[in-house]
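This is what each chain is made of:
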Amino acid sequence: MIRVVLPAHLRTLARVNGEVTLDVKGEVTQRAVLDALEARYPMLHGTIRDHVTLKRRAFVRFFACEQDLSHESPDAPLPDAVAMGTEPFLIVGAMAGG
Amino acid sequence: MSSVRLLVGTKKGAFILTSDGTRKQWDVSGPHFAGWELYHLKGSPVEPNRIYASQTSSWFGQIIQRSDDGGKTWHQPGTPPGEPTTTLDGMPKGESNKFVYDTSPETGKPLTTHQHYDGTQRPWEFKRVWHLEPSLTEPDTVYAGIEDAALFRSGDGGQTWQELSRLRDVKGSLWQPGAGGMCLHTIVQDPTNPQRIYIAISAAGTFRTDDGGKTWRAINRGLKSPYELPDPDAEVGHCVHRIAMHPTRPNVLFMQKHWDVMRSDDAGESWHEISGNLPTDFGFPIDVHAHQPETVYVVPIKSDSEHFPPDGKLRVYRSRTGGNEWEALTNGLPQRDCYVNVLRDAMAVDSLDPCGIYFGTSGGQVYGSASAGDSWTAIVRDLPAVLSVEVQTLL
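Heads up: the protein sequence lines correspond to chains G and V, in order. Sequential numbering of the first sequence, starting at 1, is according to my numbering. Sequential numbering of the second sequence, starting at 1001, is according to my numbering.
Here are the simulated DSS-like cross-link-like pairs (lysine-lysine), alpha carbons at most 27 Å apart as the crow flies:
1) V/1098 to V/1127
2) V/1171 to V/1127
3) G/25 to G/55
4) V/1011 to V/1313
5) V/1011 to V/1072
6) V/1098 to G/55
7) V/1127 to G/55
8) V/1012 to V/1127
9) V/1072 to V/1024
10) V/1109 to G/55
11) V/1127 to V/1214
12) V/1011 to G/55
Residues of chain G clear of chain V, computed beta-carbon distances all greater than 10 Å:
13) 19
14) 32
15) 68
16) 85
Selected chain V positions facing chain G (Cβ under 7 Å, derived; list incomplete):
17) 1058
18) 1060
19) 1097
It should be emphasised that the hints constitute simulated quantities derived from the structure, not laboratory data. Keep in mind the model is a prediction, meaning the values are calculated, not measured. Note that the Cβ used here is the ideal one computed from N, Cα and C, for glycine as well.
I would like the entire structure built from these sequences, with the hints used as guidance.
Right, dumping it as structure tokens:
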């Protein structure tokens, strides 16, 4: 199971506490994880990536295993530790003041 | 006994303020959706406990929320409280935050670019919902004013949205953003003619449909914008800030423009200036007394670069003559060292007698008057910056 940590506002929207776990079929990529996340929590459609282009929203970042994966290809494999569920995939609201 | 409910959108959440008809004691609930910008909340005129809210964030985008119990509980349309968020086969139930511009051949492949600040053409990109306007007759029908400027309509209570895209046919390639963005912020329905809707866009101007949104035309004749538009007869490009109408006289419109307070007596076919003796004719909100169609309210702001009241004095101005002759309303409002702004959607009137009027400020105060503006009190003083104020009169 893939572990995903959502920022507080998205946990509120999805009505979850703590990490969420997802069953991801096939290769574990950003796109596969986000597809599974949005299928399970449809209210998160549009909050992490654009509805149409599926591009990451500007102030959202993806971290895992102490790396910033935000600029990686959405189809690149995520680290093995994420795929094996030993490390979470972190969806983070970027620092932007306000 | 009658009561009133104020729906206050702020930079960091929504607040609901309620009072009985005396409007002396207020209960405050909130923040709802804490930490999010609530650009606008508005209740259905036909089902007052049905309230629509625009919840938005630079981080996480646009959410539409709906309450069916007067703001006690909220849900994203398509996913009622307590129900599973997916169908039995795992499919999403609703797409209430999905605003996708129409590019379909069936509607003539609407324009896809508009003018940017630098004169280049840029694609329309959805940013947020500025304004929600529930139908006057159908509780499940609601209009949304969008940045980048477009009008969307939902016929299923906010669950799905479709663009009324022919609006962008009206010289859309010449529209360009104002300093606050290219937003469709005003939606006014004619209560006597369900096919007629007025909208206003910064910085494109005012537009009207007479066929329920199938076709549109610009109604900006008489607007003068010499500092922004060199062409005195420019059909589009005017920075309209807000339009107000009294429901008993739908052909009479009042407008607060970037500069100038304007009036039309022919459903927007022509406009003339009514700024008269105002200390400055720049401002954002404008509204009309609930029982006196010639009584109009504005909040003058010093200038386009100094968004605060002149002389540090917060003054609402009232005209009882449909414009030109204005009186300052100051009783109970700060008359020194006050440098707040009042945004376009942040003023509203109730329909009690005497008429109540309310406005919120960028300093987090919500002021109310139960005497049509003669005297004011601060209902709350320390909210986050107020983006919008709407009032519901509950009988």
